[in-house]
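Okay, here's what each chain looks like letter by letter:
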Amino acid sequence: DVKVTQSSRYLVKRTGEKVFLECVQDMDHENMFWYRQDPGLGLRLIYFSYDVKMKEKGDIPEGYSVSREKKERFSLILESASTNQTSMYLCASSFPGTGGRQRETQYFGPGTRLLVL
Amino acid sequence: GESVGLHLPTLSVQEGDNSIINCAYSNSASDYFIWYKQESGKGPQFIIDIRSNMDKRQGQRVTVLLNKTVKHLSLQIAATQPGDSAVYFCAENIGSGAGSYQLTFGKGTKLSVIP
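One line per chain: the protein sequences are A and B, in this order. Here my numbering = 1-based position in the first sequence + 23. Here my numbering = 1-based position in the second sequence + 43.
For the record, the hints were derived by calculation from the structure and aren't laboratory data. Backbone N, C-alpha and C define an ideal beta-carbon position, used for all residues, glycine too. Keep in mind that the hints are not guaranteed to be accurate.
[Said to hold, decoys possible] If we take Cβ atoms under 7 Å as the criterion, some of the chain B residues that face chain A in the derived model are:
hint, residue
1, Gln-57
2, Tyr-75
3, Pro-87
4, Phe-89
5, Arg-104
6, Tyr-144
7, Leu-146
8, Phe-148
9, Lys-153
With the hints as extra help, turn the sequences into a complete structure.
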């Protein structure tokens with residue numbers, strides 16, 4: 024089974040702090056995604072990556088950056104956390120290659136609930 | 044812009060009854076659809092998918108129906124159980140060109156199962 028893990032389930036940070044959210048997948052997926060999830064707004068794409076060292080902006084990249092130095096790891100960085108970045112952050116990966124499900128299917132981690140005070 | 048949406052934000056169902064969760068999509072270029080289940084405090088889990096060349100697909104206790112004429116997707120859960128209580132999302136994929144690996148998600152329907 025696909026496994027996507029996120030470094031923390033809960034985080035509490037102060038305004039202005041630099042925050043790192045880590046995501047690791049163990050299925051050699053090429054595509055990785057970072058979303059935030061807020062009540063009434065659903066899932067919104069922040070950034071995604073199709074390959075190592077490659078990144079693309081999603082719908083709401085402002086205030087965020089990402090890093091993909093290794094295929095299995097995709098990091099989301101909040102350079103200077105603000106209270107409006109309090110949210111649930113979800114990482115996902117896709118493209119299983121041979122076998123498995125359709126390549127567009129995204130597999131999600133358990134999420135990180137971030138509170139910025 | 045075009046987006047995936049849901050008819051009902053909440054649905055309450057008696058245990059043992061069948062549940063139907065609906066989703067409307069507006070992008071006629073979408074050719075792949077997924078239903079996800081998200082339990083409280085967890086990430087979304089894949090339930091079932093369907094391609095646009097099909098109108099029905101069955102899984103274990105779940106069936107997805109696709110009506111391309113009216114751009115409508117539904118998820119049917121047979122003999123609903125308390126463990127089915129969750130938020131259900133539909134997602135669509137355009138399947139070609141730039142961004143073809145991206146999914147567009149609906150906002151979700153909360154299913155509550157009454158024991």
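Hint check results:
1. Gln-57: 26 Å, violated
2. Tyr-75: 5 Å, holds
3. Pro-87: Holds. Min distance 5 Å.
4. Phe-89: With a closest approach of 6 Å, the Phe-89(B) hint holds.
5. Arg-104: 19 Å, violated
6. Tyr-144: 5 Å, holds
7. Leu-146: Cβ of Leu-146(B) sits 6 Å from chain A, so the hint holds.
8. Phe-148: 4 Å, holds
9. Lys-153: 11 Å, violated
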